[in-house]
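Go ahead and model the full structure; you've got the sequences and the hints to work with.
Be aware that the sequence shown starts at 2, since it is given in my numbering, and climbs by one per residue.
A portion of the hints provided could be inaccurate.
Computed spacing ranges between beta-carbons, pair by pair [said to hold, decoys possible]:
1. 59 x 175: 14 to 24 Å
2. 277 x 170: 21 to 31 Å
3. 170 x 139: 19 to 29 Å
4. 83 x 160: 34 to 44 Å
The set of hints was computed from the structure by calculation and includes no laboratory data.
Glycine residues also receive a C-beta, built at the ideal position from the N, C-alpha and C atoms.
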Amino acid sequence: MIKNIGLISNNKNQKAIIVAKKVYDYLKLKSVTVSVLEDDAMPLKFKLPSINIKEFPFKIDMLISVGGDGTFLRAAKYSFARQVPVMGINVGNLGFLAEVNVKDCFKAVDGVLSNSYMIEERMLLELEIIRDNNHLKNSKNTNYIALNEFTINRSLMEKIIDIEVLVNKFSVINFRSDGLIISTPTGSTAYSLSAGGPIVEPTNEVIIITPLCAHNLFARSILLSCNNMLEIKIKTKNEHDVLSIDGVRQEIRLLTNDILRISKSKLKLKLITFDKNIFFKVFKEKLLK
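Right, here's the structure in full:
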């Protein structure tokens with residue numbers, strides 16, 4: 002039985018904060034040790050004991066997010082290092098990641114505590130930046146990890162980005178565009194979809210490349226096997242291109258001739274689910290109505 006659970010809620014949604022507190026209290030009644038982040042709104046509002054972000058991933062055997070898919074993305078990053086499973090409780094609009102309805106949240110918690118759930122593994126993407134033959138890492142001195150997508154954007158609205166796409170060192174295409182999205186199947190229903198990318202069933206393992214407002218006659222998405230080595234070379238003559246990961250802009254600026262090497266990560270998202278057809282049910286409800 003799982004005895005140590007992390008809990009993260011949407012800090013800007015009062016309903017999510019209240020639901021998270023109810024889940025917190027319910028878990029305590031079940032004799033579960035609950036860890037919450039010190040800078041989250043829920044423990045601050047209710048004056049609960051909390052821990053810092055460095056300790057948090059090592060105190061939990063499972064993670065619950067309360068909010069929407071955005072909250073799930075924020076929570077999931079704490080699960081990667083130790084590969085703990087994540088369950089999303091949805092507060093508001095139907096989500097592809099936060100699948101548990103609020104009215105079913107206690108039932109779902111009982112299911113987790115009684116081991117009555119399934120784990121669906123989702124592919125993650127890993128990115129390293131190569132600059133002048135040096136490999137740049139993130140603030141944790143590791144490669145960057147994405148559950149949904151990596152996005153290369155222009156930061157100056159009047160500029161376009163010039164990008165070369167290489168697969169296994171072979172130059173495939175140059176895009177002159179407002180940006181480029183490199184997505185997982187999980188991310189295919191997010192930003193990539195709004196840019197005209199395909200919907201991919203999320204347990205597949207492919208890499209989806211979708212240009213943003215490309216100035217090419219050919220401006221379609223490209224699907225690659227996850228076994229390929231993908232490289233994106235920055236050819237823009239400025240220092241203003243930016244990298245975003247799962248919708249969060251990173252501090253690093255991309256420079257001319259930087260190479261972004263992207264591959265399937267050895268890590269996975271372990272998504273807790275109670276319905277093997279949930280993706281198609283959400284797809285039908287969210288996108289076809």
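Quick rundown of the hints versus the structure:
Evaluation of the 14 to 24 Å hint for residue 59 and residue 175 yields a failure: the beta carbon distance comes to about 44 Å. At about 39 Å, the beta-carbon gap between residue 277 and residue 170 misses the expected band of 21 to 31 Å. In this structure, residue 170 and residue 139 meet the distance hint of 19 to 29 Å, their C-beta atoms being roughly 25 Å apart. For residue 83 and residue 160, the Cβ-Cβ distance of about 41 Å falls inside the hinted range of 34 to 44 Å, so the restraint holds.
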